[in-house]
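**Student:** Since chain A is already given, all that's left is putting chain B on it; use the hints.
Chains as they are written, first to last, in this note's numbering: chain A, 1362 to 1892; chain B, 453 to 750.
Because the hints were derived from the structure by calculation, they are not lab data.
Among the clues, some could well be false.
When the alpha-carbon atoms are kept at most 20 Å apart in a straight line, the in silico EDC-like pairs for lysine to aspartate or glutamate are as follows [claimed, not checked]: (1) LYS1759(A) x ASP470(B); (2) LYS592(B) x GLU1505(A); (3) LYS1430(A) x GLU554(B); (4) LYS1430(A) x GLU572(B); (5) LYS1430(A) x GLU553(B); (6) LYS476(B) x GLU1890(A); (7) LYS475(B) x GLU1888(A).
So the derived label-pair ranges between C-beta atoms look like this [to be verified]: (8) SER1415(A) x THR455(B): 54 to 64 Å; (9) GLN1775(A) x ASP470(B): 37 to 47 Å; (10) ARG474(B) x SER1822(A): 34 to 44 Å; (11) TYR468(B) x SER1415(A): 16 to 26 Å; (12) ASP470(B) x VAL1731(A): 29 to 39 Å; (13) ARG1416(A) x THR720(B): 52 to 62 Å; (14) ARG474(B) x ALA1412(A): 15 to 25 Å; (15) MET1460(A) x GLN569(B): 39 to 49 Å; (16) VAL1731(A) x SER595(B): 54 to 64 Å; (17) ALA1412(A) x ASP725(B): 48 to 58 Å; (18) LEU1421(A) x VAL477(B): 27 to 37 Å; (19) THR1397(A) x VAL477(B): 26 to 36 Å; (20) GLN1775(A) x PRO498(B): 50 to 60 Å; (21) TYR468(B) x MET1834(A): 33 to 43 Å.
Please read these numbers as outputs of a predicted model, since none were measured by experiment.
Every residue, glycine too, gets a C-beta built ideally from N, C-alpha and C.
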Amino acid sequence: MNFDAKPFLPFSNVENGLMHWLLVFGSFTGAIFAATILIALGIYGVSGPVAVMSRVRQGLHDFVNSSPKRIWAIAWLTIMEAVRRKALLVFVVFAFLMMFAGWFLDSELRADLQVKNAVSFALTTVSWLTIPVLLLLSCWGLPEDIRVRSIHTVVTKPVRRNEIVMGRILGFASIAAGIVAMMGAIGYVWILRQVPNNASLICRVPVYGTLQFLDREGNATDKGINTGDIWEFRSYIEGGTKASAAYKFPIDAPVDRIKLESRFEAFRTHKGRMGQSVLVRYVLVNSTKDLRVPLDSFEIKEFNLNEHYLERKLSFYDETRMDKRTVDLFDDVVDQNSLTIEVQCLDAGQYLGMARPDFFIRLPDRPFAVGYFKAVLGIWLLTVFIVSTGVTSSTFVKGPVATLLTFSLLIIGQGFREFMIKLITGVQKGGGPIESWYRLVTHMNDTLELPDNIGIKIMQSIDNFMLGGLWLMQHLIPDLSSFVMSPYVANGFDVPWNVAIFRSLAITIGYLVPSLLIGYYSLTLRELEAK
Amino acid sequence: METQSVIQIKNLTKIYRDFWGRKKVRALNSLSLDVKKGEVFGLLGPNGSGKTTTMKLLLGLLFPTEGEITVLGKPASDVSKNEWIGYLPEESYLYRFLNAEETLDFYGRLFDMSPQQRKERSNQLLELVGLQNARKRQLKEYSKGMTRRIGLAQALINNPDLILLDEPTSGLDPLGSRDMKDLIVKLRNEGKTVVMCSHLLADVQDVCDRIAILYAGELKELGRVDDLLKEQHETELLTSKLSAEAVADVEAVLAKHNAKLLRHGHPTNSLEDLFLKTVQKSQERPGQRFVPAASEKS
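One chain only, chain A, in its complex shape:
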């Protein structure tokens, strides 16, 4: 498993999220409004700001009086356009890929890995085929309408400009829904046929906890030991010492037994016991009652799953009382609705690596289709985001530029946002663009101090100014990584509503609102002549 389900609790964080959205949206809208008022005042005098206010009032009036029937009429036109222009030929490509994909997927792999590949392939194919089609349709539709002037026959009817933008977005979103649902369903059937006899499609429902590392003296520490692995997803605890990793799981209500599942990695400094794996033990801890319940030690299955059950009644040897004792899991061990489990490595000289999502409580599984179609929903939400951005940008630039703009936003949002944040926060060494260029030209690596002179100070000031722009940008560019839900399904997990779906939905709606406003004013303030 190579992903971490980041906590996103919509019902507790909704206020923070909304406040942040209002802050960003409000400050940008306010800044644009203030600039418009000042420019209007400068050019037209007092009548300028009056005209601006009148436009704002008109905008409010238009949005309030929008007609759902007209919006649906434009959406219907958009759907017809896509269908008649043969956008649905994408199904032919999809069918072709699905027919022959089986030839190229490795059937010699372990059964669960074959399932993982099949699920990843199906979901990736759906998104890679849908996204380009919708990107092109949404970015080229309106400019083409303006170019051939068909829009003249629409705007000369009682159609408000926001209805055009809303109708277009609704139309493309509906096409995307149709394509994604159809491909998703075909993909699902295809996956069912690809599953080897000795494997099954599963949809685990994990309950993740928080992770706290303890060092070899038993003191709390931010991270475990770095064994030199450049990939820092997992952190390691030293075996045969007091080092441990304490997972704290939330517990809602008592049940008869709890299933635990883990996937740890071992790092060996010696061969250890021949034919045996690293020995690990779970200790249940209730610090309020000063209770420690060690469970039976076990050898971890590396690169595979370790499954354990916690029964309601637990019998163990109490080392402090020097006696065998039985406790109730929920009455005695669970403390303030949370269960703490320390993971210890018992082999001296060996290291056990783990990350937050490596150990979880496994609730009863859901049908595979549930997780799968949630991931399909995630693909659709991403296309809705693309469509709203594409349609909006196509209201003020022509098709090719709108495509480039939307595509850039998609790429940065999915892959480069983290890098931007690293640049802004200074985690990424090497300074801003000019400093980086200077270091490249002068062959100075990023650990060397720059000389202290006026030229360098000017260069760094310009860099800081540019990084300020980047800081603004990172508030505007969305984090689109949450839309990619296929890793959950491919790894046999359910897609969590709070972490993935709600988050993606919130981002989609959060960007839809300003998109509609920009699209509306852009279409209202421009002359619809193809010049």
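**Tutor:** Chain B in isolation, oriented as in the chain A frame:
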């Protein structure tokens, strides 16, 4: 009682600018005119005189540089005025992937019409423009004349009070052109106001009550067609066929009244009349053909 104004244009100026805001073309210069309710008003002028620009300014497709426009008592930028307006663009910029029925249904939806209303109105209009048999064909398969007809049908979908027609007869054959002109007259008789711009002068003369002649964005003439065309210094008489002696007698009478016979001969029909008459005959007697005289054969 003075007739109500449907369109009022005051000192309208339109300057097209380039990307940098520099003046490119002054398309209209201080144009002022009124269009009264129930009249057919023609905007005339050579290419580039500002006819289409005026039309687009009336519809809010372009924004005026200076001046005021009121259409049906509302500013041109007010979308709600379009409830009572029908517009036929110069080229029929319709959605070519739709068929005629779908096209009218779509434009009907934009007026919030119910499905039943849309169906009835579509049937009525398709019959009016003679496209009943082509209702299921996509517009991309239509000829130019058919496209103009469906364009006209979409302009009338809402049964508008004010109809703006940009070059309505362009691309139509003489029959279609005659039908279009008849329809314009019919619309006027129903109390609707029609504004059309054209450079086909005969068409304008046939149907317009009043005209405005534009040149280089400026208004050069405005008034009733009859008044503008009337030659005040000459008198026209039309009689049955006269012999040479009778013509001489007429000249003598005219000389007695200090007038001269300027021209006499047989009046001619217009080519349009001849064409329409021939087509009508052909429809009545399909087998009849024109046989050239022997001298023409050689």
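**Student:** With reference to the structure, classify each hint as holding or not holding.
**Tutor:** Okay, the hints, checked on the actual structure:
1. LYS1759(A) x ASP470(B): 17 Å, holds
2. LYS592(B) x GLU1505(A): Given pair LYS592(B), GLU1505(A) holds - Cα atoms ~16 Å apart, limit 20 Å.
3. LYS1430(A) x GLU554(B): With a Cα-Cα distance of about 16 Å, the restraint between LYS1430(A) and GLU554(B) holds, given a limit of 20 Å.
4. LYS1430(A) x GLU572(B): Given that 20 Å is the threshold and the Cα spacing comes to 19 Å, the pair holds.
5. LYS1430(A) x GLU553(B): With a Cα-Cα distance of about 18 Å, the restraint between LYS1430(A) and GLU553(B) holds, given a limit of 20 Å.
6. LYS476(B) x GLU1890(A): 15 Å, holds
7. LYS475(B) x GLU1888(A): 16 Å, holds
8. SER1415(A) x THR455(B): 54 to 64 Å: Violated, since SER1415(A) and THR455(B) (Cβ atoms, about 32 Å apart) do not stay within the stated range.
9. GLN1775(A) x ASP470(B): 37 to 47 Å: Cβ of GLN1775(A) to Cβ of ASP470(B): about 38 Å, so the range 37 to 47 Å holds.
10. ARG474(B) x SER1822(A): 34 to 44 Å: Between ARG474(B) and SER1822(A), where Cβ atoms are some 36 Å apart, the hint holds.
11. TYR468(B) x SER1415(A): 16 to 26 Å: The hint (16 to 26 Å, Cβ to Cβ) holds, given that TYR468(B) and SER1415(A) are roughly 25 Å apart.
12. ASP470(B) x VAL1731(A): 29 to 39 Å: Violated - the Cβ-Cβ distance for ASP470(B) and VAL1731(A), about 58 Å, lies outside 29 to 39 Å.
13. ARG1416(A) x THR720(B): 52 to 62 Å: Between ARG1416(A) and THR720(B), where Cβ atoms are some 59 Å apart, the hint holds.
14. ARG474(B) x ALA1412(A): 15 to 25 Å: Given range 15 to 25 Å: holds, Cβ gap about 23 Å.
15. MET1460(A) x GLN569(B): 39 to 49 Å: At roughly 48 Å between Cβ atoms, GLN569(B) and MET1460(A) fall inside 39 to 49 Å, so the hint holds.
16. VAL1731(A) x SER595(B): 54 to 64 Å: Roughly 55 Å apart at Cβ, these two residues keep to the hinted range, so it holds.
17. ALA1412(A) x ASP725(B): 48 to 58 Å: 54 Å, holds
18. LEU1421(A) x VAL477(B): 27 to 37 Å: The hint (27 to 37 Å, Cβ to Cβ) holds, given that LEU1421(A) and VAL477(B) are roughly 35 Å apart.
19. THR1397(A) x VAL477(B): 26 to 36 Å: 28 Å, holds
20. GLN1775(A) x PRO498(B): 50 to 60 Å: 56 Å, holds
21. TYR468(B) x MET1834(A): 33 to 43 Å: Taking Cβ atoms as reference, TYR468(B) and MET1834(A) lie about 35 Å apart, which means the hint holds.
In summary, the structure is inconsistent with hints 8 and 12 from the numbered list given earlier, while agreeing with the others.
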